[in-house]
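Asks: Could you put together the complete structure from these sequences and hints?
Those sequence lines, one after another, are chains A and B.
All residue numbers for the first sequence refer to the working numbering, where the first residue is 1 and numbers rise by one.
All residue numbers for the second sequence refer to the working numbering, where the first residue is 374 and numbers rise by one.
I should point out that these hints are in silico values taken from the structure, not numbers from a laboratory.
The beta-carbon is built from N, C-alpha and C at its ideal position, and this holds for glycine as well.
Watch out, some of these pointers could steer you wrong.
To be verified - Cβ-Cβ distance ranges computed for the label pairs, FRET-style:
no.	chain 1	residue 1	chain 2	residue 2	range
1	A	T152	B	A532	24 to 34 Å
2	A	P126	B	A773	52 to 62 Å
3	B	D621	A	T145	56 to 66 Å
4	A	Q110	B	F528	19 to 29 Å
5	A	L58	B	L708	24 to 34 Å
6	A	T145	B	T540	26 to 36 Å
7	B	D679	A	A343	44 to 54 Å
8	A	P126	B	V476	31 to 41 Å
9	A	K2	B	P514	55 to 65 Å
To be verified - In silico DSS-like cross-links for lysine-lysine, where the CA-CA straight-line distance does not exceed 27 Å:
no.	chain 1	residue 1	chain 2	residue 2
10	B	K744	A	K108
11	B	K453	A	K346
12	B	K781	B	K659
13	A	K130	B	K536
14	A	K346	A	K324
15	A	K223	A	K187
16	A	K346	A	K231
17	A	K108	A	K24
18	A	K187	A	K346
19	A	K168	A	K223
20	A	K108	B	K743
21	A	K187	A	K324
22	A	K324	B	K453
23	B	K486	B	K553
24	A	K129	A	K168
25	A	K129	B	K536
26	A	K2	A	K223
27	B	K445	B	K384
Here is how the chains run, residue by residue.
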Amino acid sequence: MKELTPFYQAINDPAALGRRITHKKIIGTLCSYAPEELIYAAGYHPMRLFSSKADTQLAQNHLQTYCCSVVRGVLEDSLAGRLDFLHGTVFVHTCDSMQRLSDIWRLKGQYPFFADVILPAKMHTPSAKKYMAAVLERCKTDLETDTGRPVTSQSLADAIRMYNRIRKNLSRIYALKSRYPAVLQNKDLLALVKGSMIMDRQEAADHLDNVILRLAAAVPDVKDSPIAPDKRLILSGSVCDMPGLYDLFQDTGAAVVGDDLCTGRRWFDGLIPEDMEPMAAITQRYAQRLVCPAKHRGLHERADSLVDQAKNLGADGVVFALLKFCDPHAFDYPYLKARLDDAGIKSLVLELDDGQDSQGQLATRIETFIHMI
Amino acid sequence: MTRTDDKENRKIAAAKKMRDIMTTYYLDALSASQNNRQVAWITSGGPVEPLVAMDIIPVYPENHGAMIGSSKMGEDLCSKAEEMGYSTDLCSYARADIGCAVVQGGPIGGLPKPDMLICCNNICGTVLKWYEVQARYYDVPLFILDTPVCHTGYFPETAAYVKAQITEYIGFLESVTGKKMDMDRMNQVGHLSLEGQKLWQQVLKTTAHKPSPMSAFDAFFFLALIVTLRGTRTAVDFYRELLTEMEDRITRNISIVPEEQYRLLWDNLPVWHRLKWLSQKFSDHKACLVADTYTSAWCGAIQYIDPENFLDSIAQAYTRIYLNIGIDQMADQILDMIAFYDVHGLVMHSNRSCKPYSFGQMDIMNIVRKKAGIPVLMLEADMVDPRSFSQSQIDTRIDAFMEIIQHKNRPHTRVGPQTDTGRKAGAR
Ligand code: SF4
Ligand code: SF4
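Replies: Dropping the structure here:
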């Protein structure tokens with residue numbers, strides 16, 4: 001499907017993309033809580049950083065082996081000069097590993113701009129929300145100091161509309177994929193989300209429009225397609241930047257119909273109200289979007305929402321794609337699994353390394369699971 | 374003097390008293406429900422003073438974790454948690470505690486059931502997840518005191534947020550206990566807490582004396598009171614006694630390590646399951662670990678505490694603790710300690726369990742090498758889980774490290790009995 005090409009081009013070589021984007025300075029982000037709307041409104045190009053999965057040779061002088069591959073991998077890319085197109089980075093406080101990466105990165109001082117966005121760990125109390133609003137204000141001021149220009153309400157409103165458009169489009173694509181699993185390959189979901197996180201946002205939004213048109217046109221053909229995968233899966237985890245894994249599901253006849261991932265719904269869940277004061281509206285969206293395990297919003301919310309999603313989408317199973325050494329997700333797993341068990345939904349846990357692309361053993365485990373559900 | 378006399382002579386007398394106090398404390402905690410008292414589990418870096426003021430017994434899973442580690446029961450309990458689905462890569466305090474809650478094992482047959490949980494995330498993000506797990510398991514209210522990390526500073530919005538939460542915390546305690554906080558009592562506890570911390574600081578500073586009257590291994594042991602009984606008269610009295618004993622040892626020139634020649638600084642949590650072995654190992658090299666970054670964290674924020682305005686001031690004091698700051702500030706504190714304690718080398722425990730403590734250590738190591746010019750040794754281990762401890766490898770590495778230190782330094786000449794603990798060096 002040629003409409004997908006721009007997304008695959010973007011994700012196949014993000015560094016090349018970074019070097020191509022010259023009309024705007026590029027600010028790297030490392031988390032789905034990074035307030036991209038502010039970065040965008042300030043006139044920068046926000047670009048999510050993913051590990052290029054090269055061997056970690058330089059990063060091992062800064063981070064021990066028991067650090068997750070996302071943190072080690074991105075640091076490696078930076079130290080190796082593969083991110084030299086960056087003007088700066090915005091770090092968001094999430095997990096302990098990211099917290100220290102921020103320090104190491106700041107001390108390295110490789111790029112002109114650096115900002116920490118120290119979000120609250122709680123997302124649900126009035127004082128946390130008030131603090132969050134102040135933190136986002138500070139981020140805005142940091143950006144303004146760097147550009148030397150104020151971020152106007154107009155530019156914020158434009159950014160909000162742009163992000164809403166992208167998020168709405170991605171939600172619609174996920175909905176179509178869930179309804180007609182044969183309409184897209186599993187790995188296309190990853191390509192579309194990841195691409196939207198790194199491409200010029202205007203282009204991403206336009207291309208997503210095209211993808212939707214094309215998918216809508218394709219529906220009649222795939223509706224009763226005999227090749228439609230017959231098992232329905234939901235993926236849960238942090239970053240799941242492994243096209244190979246999506247392919248393994250595809251090969252075993254299982255469709256990914258939903259997810260709870262940083263490279264998925266957690267990035268595009270929740271629209272920003274367009275009829276509110278922009279900063280307040282942005283704060284509200286980040287406080288209310290699908291919560292990540294590094295943040296707290298009650299003891300049951302993640303499990304409730306995963307079980308609901310699985311039920312609503314008629315999922316046959318949930319696959320936990322957990323990155324090795326990722327604490328927040330590892331802590332939540334036993335409870336999430338128990339709640340899925342209670343709801344009669346089968347699950348499989350895979351412990352992955354961002355660097356390893358799914359092979360052998362993994363394939364066998366996945367096949368076994370898919371046949372069992 | 375025979376060898377045994379010598380050993381007896383070097384023993385710290387207060388240790389027995391400390392054991393008794395801790396035993397009483399745990400007995401009280403374990404019989405809390407019979408005595409109609411409530412128990413709160415609280416993180417080691419959390420503000421315990423309001424609990425003390427409200428007569429709630431604070432219990433520290435991390436202190437319990439240290440006991441589990443020391444009694445070498447870590448592997449068993451951690452494995453239990455792993456069977457429950459928790460990854461082996463999670464903090465071993467958390468794993469041991471989660472396992473222990475279910476099997477009621479460990480050295481004291483498990484902790485008393487909590488009536489509430491108080492989690493302050495100033496030490497790590499792990500405690501947030503760990504306390505969520507326990508809040509679900511015990512089905513009790515959880516209060517989270519969220520102390521945003523101060524990478525580069527303490528901002529007005531941070532201050533406002535944490536202060537607001539201190540008020541929420543008091544409200545939480547009042548609603549769980551159904552009692553009003555007595556502010557006079559709170560003030561008394563505040564004063565005692567500060568006094569205890571100051572005494573603890575003085576105790577730690579006595580090791581600037583050459584030879585050192587105690588070592589970091591002793592500090593690891595004596596730490597328990599300032600963690601668990603901070604804000605009580607018991608802690609104040611005990612540390613005053615301990616300080617007197619240390620001062621007396623200085624006057625009599627009694628060192629903890631026989632013929633101390635080398636002085637080292639320790640970074641990160643202790644390796645609880647190998648304390649004895651490590652202590653002997655360094656001692657055999659005539660090296661004393663005179664100080665550490667861990668035990669000093671419980672007196673590191675004294676400068677922010679205002680006893681007249683205690684509750685307001687602890688917002689800052691609990692937010693700006695050692696682990697909740699940027700690694701550049703941590704390196705600065707280490708450099709101050711290196712100067713103050715006049716050490717020959719730094720030993721860093723790269724602790725698989727504790728990511729916020731261990732990540733950034735390599736950068737700190739480079740800063741120390743550059744600015745202080747002393748050798749640094751990094752040992753990979755885990756504070757509670759012995760499975761990642763390779764004794765033979767660590768043995769060799771310590772030998773090699775001590776060889777470098779010996780090479781670099783001729784044995785220093787002893788300074789007389791006078792103490793130089795008064796030397797000002799903002800060591801913390
Ligand atoms: S994968 Fe996990 S440990 Fe790594 S940065 Fe993300 S949340 Fe943190
Ligand atoms: S050892 Fe580290 S990770 Fe574990 S509870 Fe303590 S501070 Fe947190």
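Asks: Determine for every hint whether it applies to the structure shown.
Replies: Hint check results:
1. A:T152 with B:A532: 24 to 34 Å: 29 Å, holds
2. A:P126 with B:A773: 52 to 62 Å: 56 Å, holds
3. B:D621 with A:T145: 56 to 66 Å: 57 Å, holds
4. A:Q110 with B:F528: 19 to 29 Å: 24 Å, holds
5. A:L58 with B:L708: 24 to 34 Å: Given range 24 to 34 Å: holds, Cβ gap about 25 Å.
6. A:T145 with B:T540: 26 to 36 Å: Once the Cβ atoms are compared, 33 Å apart, the range 26 to 36 Å for T540 (chain B) and T145 (chain A) holds.
7. B:D679 with A:A343: 44 to 54 Å: Given range 44 to 54 Å: holds, Cβ gap about 52 Å.
8. A:P126 with B:V476: 31 to 41 Å: 40 Å, holds
9. A:K2 with B:P514: 55 to 65 Å: 56 Å, holds
10. B:K744 with A:K108: 17 Å, holds
11. B:K453 with A:K346: Between K453 (chain B) and K346 (chain A) the Cα gap is close to 23 Å, so the pair holds against 27 Å.
12. B:K781 with B:K659: The given pair, whose Cα atoms are some 15 Å apart, holds under the 27 Å limit.
13. A:K130 with B:K536: 13 Å, holds
14. A:K346 with A:K324: 22 Å, holds
15. A:K223 with A:K187: Between K223 (chain A) and K187 (chain A) the Cα gap is close to 20 Å, so the pair holds against 27 Å.
16. A:K346 with A:K231: 12 Å, holds
17. A:K108 with A:K24: 24 Å, holds
18. A:K187 with A:K346: Roughly 22 Å between the alpha carbons, so the hint for K187 (chain A) and K346 (chain A) holds.
19. A:K168 with A:K223: Satisfied, since the Cα-Cα distance of roughly 23 Å is no more than 27 Å.
20. A:K108 with B:K743: With a Cα-Cα distance of about 15 Å, the restraint between K108 (chain A) and K743 (chain B) holds, given a limit of 27 Å.
21. A:K187 with A:K324: 21 Å, holds
22. A:K324 with B:K453: 20 Å, holds
23. B:K486 with B:K553: 23 Å, holds
24. A:K129 with A:K168: 25 Å, holds
25. A:K129 with B:K536: This hinted pair holds, its Cα atoms lying about 14 Å apart.
26. A:K2 with A:K223: 20 Å, holds
27. B:K445 with B:K384: Roughly 23 Å separates the two Cα atoms, so the pair holds.
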